[in-house]
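A.B. asks: Line by line, the protein sequences give chains W and S.
Just so it is clear: in the first sequence, position 247 is 246 by numbering that gives the first Met the number 0, and no numbers are missing.
Just so it is clear: in the second sequence, position 236 is 235 by numbering that gives the first Met the number 0, and no numbers are missing.
Source of the hints: derived by calculation from the structure; they are not laboratory data.
Values in this document were obtained by computation on a predicted structure and should not be read as measured data.
Backbone N, C-alpha and C define an ideal beta-carbon position, used for all residues, glycine too.
A hint or two may mislead.
The calculated label-pair distances, taken between Cβ atoms and stated as ranges, are [to be verified]:
id : chain 1 : residue 1 : chain 2 : residue 2 : range
1  : S       : HIS103    : W       : TRP2      : 41 to 47 Å
2  : S       : HIS103    : W       : ALA86     : 39 to 45 Å
3  : W       : PHE525    : S       : HIS103    : 47 to 53 Å
4  : W       : VAL543    : S       : VAL220    : 55 to 61 Å
5  : W       : VAL543    : S       : TRP273    : 42 to 48 Å
6  : W       : GLN522    : S       : LEU199    : 42 to 48 Å
7  : S       : GLY130    : W       : ILE3      : 57 to 63 Å
8  : S       : VAL220    : W       : TRP528    : 51 to 57 Å
9  : W       : LEU52     : S       : PHE123    : 27 to 33 Å
10 : W       : ASN156    : S       : LEU116    : 27 to 33 Å
11 : W       : VAL24     : S       : ALA211    : 38 to 44 Å
12 : S       : GLY130    : W       : GLN553    : 30 to 36 Å
13 : S       : ALA211    : W       : TRP2      : 39 to 45 Å
Some, not all, of what chain S presents toward chain W, calculated at C-beta under 8 Å [claimed, not checked]:
id : residue
14 : PHE35
15 : PHE123
16 : GLY137
17 : PRO247
Rough simulated footprint, nothing fancy, chain S against chain W, three-plus residues with beta-carbon under 8 Å [stated by the list, open to error]:
id : region
18 : 72 to 83
19 : 116 to 125
20 : 275 to 283
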Amino acid sequence: MTWIRRITGIAALVGIAAGINFLAVQEDLFAQVVVVPFLAGVAAGVAWVALVLTNIARTASQQRTLYGLNTVIASVVFLAICITLYAFARQWDVYADLTQEGRRDLSPITVQVLQNMDRDIDVLCFFLATDDRLVDMGRSNTRRFLDRLEAHTDHLNVEFLDPQVDRARLQGVGLQQVATQGTIVIRRGNRQRVLNLDSANARMPERDFTNALINVIRDRRPKVYFLTGMDERDIMDQGDRGASALRVMLEGEGYDVEQLELDLMAPEIPDDAEVVVINGPRRDLNARYVEPLRDYVDQGGRVLVMMDPWQRPPIAMGQEERLRPWLADQFGIQLGEGLIFSQETQTQILLSHDSTPFTTEHDAAGQFMGCYNYEHDITRGFNQQMIFVLARPTYPTPQRPERVTRSELIRTPPNFWGEKDVSLVLETGQATMGSEDLEGPVSLAMAATRQTDIEIGDTGQTRDARAVVIGSTEFAANAMLREITSHQNFILNTMAWLTESEELIAMRPAASRAEAIILTSEQEQFIAWLATLGLLQICVAAGVVTYLVRRKYQ
Amino acid sequence: MRSTWAVCKREFISYFTTPVGFVIVGVYALLSGLYFTGSFIIYCRITQNPSTYGYDAIPEMEEWMLSPFLVLCGQLLMFIGPLVTMRLLSEERNKGTMELLLTHPLRDREIIFGKYLASLGTLFVLMLIVGFHLIIIGSFTPIEPVVLAFGLVTVFLMGAAFFSMGLFISSLANNQVTAGTMTFGIALVSWILGLMGQDLPETIPAPDTWPAGLIRAAEMVYAIFRELVVSLPLDAHARDLAEGIIYPHDIAYYLLFTSFFLFLTFRTLESRKWRA
Numbered sequence: 000m001t002w003i004r005r006i007t008g009i010a011a012l013v014g015i016a017a018g019i020n021f022l023a024v025q026e027d028l029f030a031q032v033v034v035v036p037f038l039a040g041v042a043a044g045v046a047w048v049a050l051v052l053t054n055i056a057r058t059a060s061q062q063r064t065l066y067g068l069n070t071v072i073a074s075v076v077f078l079a080i081c082i083t084l085y086a087f088a089r090q091w092d093v094y095a096d097l098t099q100e101g102r103r104d105l106s107p108i109t110v111q112v113l114q115n116m117d118r119d120i121d122v123l124c125f126f127l128a129t130d131d132r133l134v135d136m137g138r139s140n141t142r143r144f145l146d147r148l149e150a151h152t153d154h155l156n157v158e159f160l161d162p163q164v165d166r167a168r169l170q171g172v173g174l175q176q177v178a179t180q181g182t183i184v185i186r187r188g189n190r191q192r193v194l195n196l197d198s199a200n201a202r203m204p205e206r207d208f209t210n211a212l213i214n215v216i217r218d219r220r221p222k223v224y225f226l227t228g229m230d231e232r233d234i235m236d237q238g239d240r241g242a243s244a245l246r247v248m249l250e251g252e253g254y255d256v257e258q259l260e261l262d263l264m265a266p267e268i269p270d271d272a273e274v275v276v277i278n279g280p281r282r283d284l285n286a287r288y289v290e291p292l293r294d295y296v297d298q299g300g301r302v303l304v305m306m307d308p309w310q311r312p313p314i315a316m317g318q319e320e321r322l323r324p325w326l327a328d329q330f331g332i333q334l335g336e337g338l339i340f341s342q343e344t345q346t347q348i349l350l351s352h353d354s355t356p357f358t359t360e361h362d363a364a365g366q367f368m369g370c371y372n373y374e375h376d377i378t379r380g381f382n383q384q385m386i387f388v389l390a391r392p393t394y395p396t397p398q399r400p401e402r403v404t405r406s407e408l409i410r411t412p413p414n415f416w417g418e419k420d421v422s423l424v425l426e427t428g429q430a431t432m433g434s435e436d437l438e439g440p441v442s443l444a445m446a447a448t449r450q451t452d453i454e455i456g457d458t459g460q461t462r463d464a465r466a467v468v469i470g471s472t473e474f475a476a477n478a479m480l481r482e483i484t485s486h487q488n489f490i491l492n493t494m495a496w497l498t499e500s501e502e503l504i505a506m507r508p509a510a511s512r513a514e515a516i517i518l519t520s521e522q523e524q525f526i527a528w529l530a531t532l533g534l535l536q537i538c539v540a541a542g543v544v545t546y547l548v549r550r551k552y553q
Numbered sequence: 000m001r002s003t004w005a006v007c008k009r010e011f012i013s014y015f016t017t018p019v020g021f022v023i024v025g026v027y028a029l030l031s032g033l034y035f036t037g038s039f040i041i042y043c044r045i046t047q048n049p050s051t052y053g054y055d056a057i058p059e060m061e062e063w064m065l066s067p068f069l070v071l072c073g074q075l076l077m078f079i080g081p082l083v084t085m086r087l088l089s090e091e092r093n094k095g096t097m098e099l100l101l102t103h104p105l106r107d108r109e110i111i112f113g114k115y116l117a118s119l120g121t122l123f124v125l126m127l128i129v130g131f132h133l134i135i136i137g138s139f140t141p142i143e144p145v146v147l148a149f150g151l152v153t154v155f156l157m158g159a160a161f162f163s164m165g166l167f168i169s170s171l172a173n174n175q176v177t178a179g180t181m182t183f184g185i186a187l188v189s190w191i192l193g194l195m196g197q198d199l200p201e202t203i204p205a206p207d208t209w210p211a212g213l214i215r216a217a218e219m220v221y222a223i224f225r226e227l228v229v230s231l232p233l234d235a236h237a238r239d240l241a242e243g244i245i246y247p248h249d250i251a252y253y254l255l256f257t258s259f260f261l262f263l264t265f266r267t268l269e270s271r272k273w274r275a
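Go ahead and model the full structure; you've got the sequences and the hints to work with.
C.D. replies: Below, the structure is given as C-alpha cells:
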C-alpha cells in the first residue's frame, strides 16, 4: 500500500510538471501534450490524497481521525463562507467615489448618453502587449472606465485586442497602426471615431470618449453657421480673444461648423443651417442681412446672439440701428445699452447655483436656483459657477410679440444693477446706482421660442423658431472657454436646445486641473537624502540607542 | 483582553529589543524611500514640462504618483512581511517555549490575537515611514485628504491580510527560516500570478474537435482559473482603494482573507492539543 501511495504521489508531481513544461513550450493550453499529462497528474494527485487520508484513518486513533476530519471540514466550510460573502460583495455593483472632484464618477452627460442608447456600439481597444508603464496604465484605466460605462447600458460591446496579434481586426476598421499608448475605436455600422491615448493621461479621457460616442450615435451632424461681416469674434482665431475653442468644442460634439458670409447682392441663409450664430459683432447688422434673417426665423430658424456690453454699433447719419431692434421685434428680447455693475466686484459677475430657490424683493417667483433658471431646459440642473467679466443687461421687452414665449436663463445676484452711465464707469471704474439704472437682479441671458406655421414633414406639427441671446461674449472666447468647464456646459446645452437635442443637455466632465510642482535642485537633493539615507540613518540610530540602553541596564 | 494585551506587548517589545525590528524598518524605509524619491522627483519634473515627457497636460498626482506609491508600499509588505511574521509562533516551537505558553492560563485566541496585534503594531511603525513620505509631498503640494486616508487604509489592509497569512504559516513551521521562506515564496508566487493575470486572455477557445460538453467544461475551468489568478493576489484589490474609490468587494476581500487565515491559525493551534 505504501509503495502505491508513493508512486501516485510521484506520478502526480511528474504529470503536473510535464503539463506545465509542455504548456510553456507549446503555448497552447488545450494541446494534447499539455492536457493529457496534466489531467493524469491531477488524477494521480487525487488518488494520492485519498490514499493518504485512508492511511491516516487506518493508523491513527479514531478520535484523532475525527478531530482531523473536523478541522478539515470546518476549514473548508469557513472558506466556502468567505468565498460566498466575497461573491455577494462582487455582485453588489456599487462604489463610492470619495475624491474631491468625483473624478471617477461618470458625468451626467455620459450617463444620459449611455442610457439613451438603443443600438449596439462596438468599442475596440487596441493596446500593444508591452510592459511599458504608460501602456499598462492606459490599458488598465481604460478597462476600468469601460466597466463603469457597461454598468449603464447593455449596448456596448467592448473588446481588448493586441494590434500585433489581431492585425485583421485593426485593418478591418481601416487602421494600419495604433498609437503607442493605445487606440480606442468606437464604431456603429460605418460610423466610427478613433481615440488615440497618445496624450498618455493616466486615465481614459471621459470627455473625449463621450464626445466620440455622441458622434457615432448621432445620425446627423447639425450645421452651425457663424455669421461674418460685422467684425465679430473669429472662429479661426486661436488667440485669447478668438473663438476657435468654441468651434473646436462644437465640432467635438458632432456639429458641423462653418463661417457664413452672406452675398450682399443676394443674401440668403443656407437651407441646411440648423443654427446661425452672431458672436460679438462690433458693427451693426448689414441692412441687407435683416431680410434673409427674418425669412430664416419665419421658417423656424434658430439663432444664437452674443453681444458685449455698451456697444451701440456705429450708425451712419440717417440710419437706424438694426440688430437689437430686430431681436426685440422677432423675439421680444432687449439687449440693454448699459453694463452690469456692482460695488463689490465692479464688472466681474460670479454666477452661482444655490440649492434653495433664489428669491428677491422684486421677484419671489422662485423659479431660479441661485443665478440659473431651473425651469428652462438649458439651465435646469445647472450647478456650476460661471464668471462673466463684462455683461450687458438682456431682458424681455415690455410688449411680448405674438406667439413668442420668453425665459430668462441667467440673472445676476441682487447686488448688481444695470448701469446706464457707461462713460462714468470707464473713466472712474466706479458707479453708484441711480434712479435711471436697472435694479438687480439683472437678467443677462434669455431664451425665446416663436411659433411658426411651418410644418415638419407630414407630422402635422409645426417647427418653432428659437433664439438665445446672451449679453456677453468674453465668457465664450478662447481664454475662458478653454479653462472653465461651466462655460462649455452652458454653450453646449444652449446648442443642444437650439437644435432640439435636449437629450444632450447635461453637465460634461470637468477636465483635469493638476498644478505644477517646482523643485529647485537643492530641494530635490534634500528630498532624495531625507527619504532614503535620512530615514535609514534614523532607524539605525534608533537601533544603536536601543542596544546601548539595553546593554547599560542588563 | 488583558492577557491578549500582555502577549501583544511582550511580542511587540521583543521586535525592538533585538536588531530584527530595526532591520525590518530600515530596509522598508530604504526601499520605499528609493521608490518615493524617484517617482516624486520625476513627477515634479513632468509637471514643469509635461510635453518633454510625452504628456499633453500635467497628469494628476493622485493617479500618477501617489496611488502607485501607496500600492507599492503595500506590495513591499509582501516581501518584508515574512521577516515580521516568521518568528511569531514558529520561534516559540523552535525554542520549546510553545508548551510553556500553552500551559499558561491563556486561551488560544488570546495567544493568536496577541501575537497578531503585535505584528500589526509593527505594521503601524512601518506606516509611520509612509506617513513621513506623505508629509514631504504635503509640504510641496496639497494632497486630497480622502486619497491620503484611503491610501493608508489600503496599506494597512494589505499588511493586515498578509501578516495573517504569515502568522498561519508560522504556526505550521517548526523554525523561523522555514516559515519565512514559505511565506516569502507564497508572496512571490502570488505577485507573479498577479502580473501574469493582467495578460491572460479573457477566453481561450477549446479545439472544435472536442465534444461540446468538454469544450464548455474546459472554458469554465479556464474562466475559474483566470478569475483566481486575477482576483487572488493581494495587490489586485489595492489600486482603486488607494485612489479613494471604494468598492465593497475590495474591502471584503481583505477582511475575509484576514479572517480565513486567522481561522486556520486557530485550527492549527487547536490541533496541537489533539495531536499530542
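A.B. asks: Hint by hint, where does the structure go against what was stated? Just the numbers, ascending.
C.D. replies: 9, 10, 11, 15, 16, 19, 20
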